[in-house]
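Student: Fit chain to chain and form the complex, with the hints in mind.
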Amino acid sequence: MDEERRIEQSKVAVRWLVVVVLCAAAIYLRRSGTIDTPWVVIVGLTAVVTAANLTFSAVLRRGAPRWLRYVTTATDLVLTSLLIAYSGGSGSPFYYVYFIVLVSNSIRYGMSMAVFVAFIYNVAYVMVLLLHPVGGDLTMEGVKILAFWGVALYAGYLATRFQRQARILQSYEETIAGLRTRLDELEAAHRPQERR
Amino acid sequence: MSTRHFRSRTVGWGVALAAVLVAAIVLVTWKATNPLLFLLYPVLVLGVLALLAMAMLWALRHF
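Just so you know, the sequences run in chain order A and B.
For reference, each letter of the first sequence is one residue, going 127 to 322 in our numbering.
For reference, each letter of the second sequence is one residue, going 21 to 83 in our numbering.
Pulled out of the complex, with its shape left as it was, chain B reads as follows (with noise of 0.2 Å):
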């Protein structure tokens, strides 16, 4: 018996934010006007990663 340290629903709500960022760089993209928006990238990419990351291995029953 493994003992996991996440809830379904903390899971859940980490994917919903990775797509919420993903919405993000997307709209950065897309709109930006002035080259400073791009310095949010480094947050919103390594969000997206760190947040998959955590899905993926809760998914794997790693924790």
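This is chain A alone, in the form it adopts within the complex (with noise of 0.2 Å):
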């Protein structure tokens, strides 16, 4: 639990940091006019993820139920999708916003969190592009989707993998330790009867 509690603290930081630099990148490229996103949609996000992450934070403080990691996660991508459909839809600058929540997500929590937010970017994406329709030939936004499932899946492997290797290293760990133990009482037994 404490490990938990731990991680998402540290997306909560993160957090922080990609919120201060994602409101910098949409005012910059509101005033050079490359987005049309309107201020009060900018204004609007920024405030909405801030009281998310203060949110987040108070939870946090009693200590981190299971469901949060999903709920985090969830309003990472809604949000963010929120931005790309008013910053230009597909063609938005803030598309790649998407694999930072995915990777840092999957690294944390391995396969079922990679297909997780697989599985929200796919639906909320479908959104984005119903609210923003592209017209014409779809077939970039389908290749980009699976792109994104194909991405999803390889770093929930690789999560999985290290994991998996993490825990064995542990057991290694606690074996030596044990042995130690073991050759330590051996010793303290053995002692008295040298000096005899």
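Treat the hints as calculated values from the structure; they're not laboratory data.
Check each hint, because a few of them may be wrong.
Examples of chain A residues toward chain B, derived with CB under 10 Å [as the list claims (entries may be wrong)]:
#, residue
1, E134
2, P164
3, A173
4, V174
5, V241
6, N248
7, Y251
8, V260
9, D263
10, W275
Under 7 Å between C-beta atoms, here's a sample of chain A residues computed to sit facing chain B [said to hold, decoys possible]:
#, residue
11, V252
12, L256
13, H258
14, L264
15, G268
16, I271
17, F274
18, V277
Computed from a predicted structure; not experimentally measured.
All residues carry an ideal CB built from backbone N, CA and C; glycine is no exception.
Tutor: The following block contains the structure:
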């Protein structure tokens, strides 16, 4: 449970950083005319992310329930989708933020989270395409969604392998610690006999 | 002697179904005119993976 709490607290810290960077980028791109996102959306999304992050911090003060990881990840994906929908849809410069959410969560939680992120992304990106229609051929959009599934499954596979190796290493360390204890006990038992 | 829980015919049907799902993925990607069709991807992708994993594990005599 402590490990989960530590992970979620680090996600809160990273979220503050990402919010500042994205907010600065959105303001810059809006002023330069690259995106036509309304100011009210930029300010509103920043406020929502700030409120969500403060809420997550408050929940984490009491502990880290298991459902929290899914709520924080889904919130990140939904807010990212809103930013993308209001900054050009499929051509948005913020599309790659999806990959930050995917990689940071998959590495931390493994395959089940990678599949969860890919599923929520799939649904959210379809909603983005409905809100901001591409028009004409949708093949590229399909390929983008499939590519995301590919990256998610590969990241999940690598994370699962890494977690398995970490567990094996931990069991080796426990075995070595146990053997050391037994060796110390044996040495302590033999010492008085040697003195005689 | 290992016991095989799946018959080769069952695994064969599984691989055939995986091929059909792959064809469906290609068809949806190529011919989709409505983004809502992309909502089929989770079922198709995870279905292909599950069926291929079953065939692979059967081939490696895990069951």
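Student: Would you mind marking each hint as holding or not holding in the structure?
Tutor: Consistency of the hints with the structure:
no.	hint	result
1	E134	26 Å, violated
2	P164	23 Å, violated
3	A173	29 Å, violated
4	V174	25 Å, violated
5	V241	7 Å, holds
6	N248	6 Å, holds
7	Y251	8 Å, holds
8	V260	8 Å, holds
9	D263	9 Å, holds
10	W275	5 Å, holds
11	V252	5 Å, holds
12	L256	6 Å, holds
13	H258	10 Å, violated
14	L264	5 Å, holds
15	G268	4 Å, holds
16	I271	6 Å, holds
17	F274	9 Å, violated
18	V277	12 Å, violated
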